[in-house]
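Residue numbers (this note's numbering): 1 to 317.
Worth flagging that the hints you see were computed from the coordinates, not collected in a lab. Beta carbons: idealized from backbone N, C-alpha and C, even for Gly. Be a bit skeptical, because a hint or two may be false.
Unchecked claim - With a straight-line Cα cutoff of 27 Å, these simulated DSSO-like cross-link-like pairs (lysine-lysine) come out:
#1 48 - 137
#2 151 - 48
#3 151 - 137
To be verified - Derived Cβ-Cβ restraints for the label pairs, each shown as a range:
#4 33 - 149: 32 to 42 Å
#5 202 - 138: 36 to 46 Å
#6 26 - 294: 36 to 46 Å
#7 283 - 157: 39 to 49 Å
#8 101 - 51: 43 to 53 Å
#9 144 - 44: 25 to 35 Å
#10 291 - 18: 31 to 41 Å
#11 33 - 61: 42 to 52 Å
#12 130 - 89: 41 to 51 Å
#13 6 - 302: 47 to 57 Å
#14 160 - 138: 33 to 43 Å
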Amino acid sequence: MSYDIDSRPGMTHGRTLLAMFGFLLLGMVAGSLLSGGIWTLMTGRSVKTLTEDMMDPHFSHAVRIMQLVSSVFLFFLPALAAVRLLHRRPLQFLGFSAASDLRMAVMVVLVMAACLPMVGSLTELNRMIPVPAAFEKVFHELEDSYLQQMKAMARMDGVLDYLACLLIMAFFPALFEETFFRGGVQNLLYRMTGIAWLSIVVTSLLFSAIHFSYYGFIPRFALGVVLGLLFHPGANLRMAILAHFLNNAVVVTYIYWLTLRGRPIEEVMDDAQPLWYGLPAVAAIVVLLIRYRRRAEQVRQRRMPPEDRARDEQWLA
Numbered sequence: 001m002s003y004d005i006d007s008r009p010g011m012t013h014g015r016t017l018l019a020m021f022g023f024l025l026l027g028m029v030a031g032s033l034l035s036g037g038i039w040t041l042m043t044g045r046s047v048k049t050l051t052e053d054m055m056d057p058h059f060s061h062a063v064r065i066m067q068l069v070s071s072v073f074l075f076f077l078p079a080l081a082a083v084r085l086l087h088r089r090p091l092q093f094l095g096f097s098a099a100s101d102l103r104m105a106v107m108v109v110l111v112m113a114a115c116l117p118m119v120g121s122l123t124e125l126n127r128m129i130p131v132p133a134a135f136e137k138v139f140h141e142l143e144d145s146y147l148q149q150m151k152a153m154a155r156m157d158g159v160l161d162y163l164a165c166l167l168i169m170a171f172f173p174a175l176f177e178e179t180f181f182r183g184g185v186q187n188l189l190y191r192m193t194g195i196a197w198l199s200i201v202v203t204s205l206l207f208s209a210i211h212f213s214y215y216g217f218i219p220r221f222a223l224g225v226v227l228g229l230l231f232h233p234g235a236n237l238r239m240a241i242l243a244h245f246l247n248n249a250v251v252v253t254y255i256y257w258l259t260l261r262g263r264p265i266e267e268v269m270d271d272a273q274p275l276w277y278g279l280p281a282v283a284a285i286v287v288l289l290i291r292y293r294r295r296a297e298q299v300r301q302r303r304m305p306p307e308d309r310a311r312d313e314q315w316l317a
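Given only the sequences and the hints, what does the whole structure look like? Please build it.
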């Protein structure tokens, strides 16, 4: 007879997943309302001109705070609230307390370094896929809008601005998005189906789709798969957050480096690389992920408390 002493009776993984997406919709509304109030307080501008004003780099601080608040309500709180309905220790369920060590963290750094050429190659592949002219126009407009928002948010006039961007544009998005997608969606799907690859692929598709970028869909999907494979051994959310943060931090750091040299940040967005660059990168990623999984299992078994080992093995004492 299997059991989990921290599970709440009557709540299933499927119902929790549905609740999480319901909370996401509520969070979208609440976050938008709160962000609008923050915008007015910080800028003195009306929300009626918000779309145009957000593109102004002079309002970069307000845009960053709005982005932070929106992400909290859109991703972090919905995942936490939904899992709280299922489990008495939601942070543990989401993967915040999973065992890890320095060697695992180093492997994560190496994996994300190998992801850079892979993402560049997949960006080029994504661009090569033909689309109807009408769709192409819409896709380019979305990319241009995203670029303008990046310009507004990523204005960095010094080291303090750079550190603020690392926190708001790199760390917090990694924390909130990984909590929702890997700790929430992937975790629940795997517990529902018992099929690791299904949970990873479905979550990665959702992760890429929610960013509304056609020309970045394939590379972002591949990145989601890598993040899913880093999370899966032992449901280790901290390692997935670290990987996501490193990916974001590279972009923020590159933008800051371009800013110091007076060069346009469009160079950051144009990260396409020849297709063949991705082949050795993928090979390196596969090898590193295999070694990472072995190490994660060793650390998990060594550091798991006896009571958690009993729950993990689903034995009734």
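Query raised in the report: Taking the beta carbons of residue 101 and residue 51, is their distance inside 43 to 53 Å?
Result: Holds, at about 46 Å.
Requested in this report: Could you say whether the range 36 to 46 Å given as a hint is met by the Cβ separation of residue 26 and residue 294?
Outcome: holds, 41 Å
Query raised in the report: In this structure, is the beta-carbon distance linking residue 6 and residue 302 contained in 47 to 57 Å?
Result: Once the Cβ atoms are compared, 22 Å apart, the range 47 to 57 Å for residue 302 and residue 6 is violated.
Query raised in the report: In this structure, is the beta-carbon distance linking residue 33 and residue 149 contained in 32 to 42 Å?
Result: The hint (32 to 42 Å, Cβ to Cβ) is violated, given that residue 33 and residue 149 are roughly 20 Å apart.
Report task. Could you check the hint for me, namely that residue 291 and residue 18 are 31 to 41 Å apart, CB to CB? Result -> At 37 Å between Cβs, range holds.
**Report entry** Hint consistency between residue 48 and residue 137 [alpha-carbon to alpha-carbon, up to 27 Å]
**Finding:** holds, 26 Å
Query raised in the report: If you draw a straight line from the CA of residue 151 to the CA of residue 137, is it 27 Å or shorter?
Result: Given pair residue 151, residue 137 holds - Cα atoms ~21 Å apart, limit 27 Å.
Query raised in the report: Is it true that the CA of residue 151 sits at most 27 Å from the CA of residue 48?
Result: holds, 21 Å
Report task. Determine whether the Cβ-Cβ distance between residue 160 and residue 138 falls within the hinted range of 33 to 43 Å. Result -> At 38 Å between Cβs, range holds.
Report task. For the range 42 to 52 Å, tell me whether the beta carbons of residue 33 and residue 61 fit it or not. Result -> violated, 20 Å
Requested in this report: Could you check the hint for me, namely that residue 283 and residue 157 are 39 to 49 Å apart, CB to CB?
Outcome: Distance hint for residue 283, residue 157 holds at roughly 41 Å.
Query raised in the report: How does the Cβ-Cβ distance of residue 202 and residue 138 compare with 36 to 46 Å: does it lie in that range?
Result: Violated, since residue 202 and residue 138 (Cβ atoms, about 25 Å apart) do not stay within the stated range.
The structure does not agree with the numbered hints 4, 5, 11 and 13 stated previously, though it agrees with the rest.
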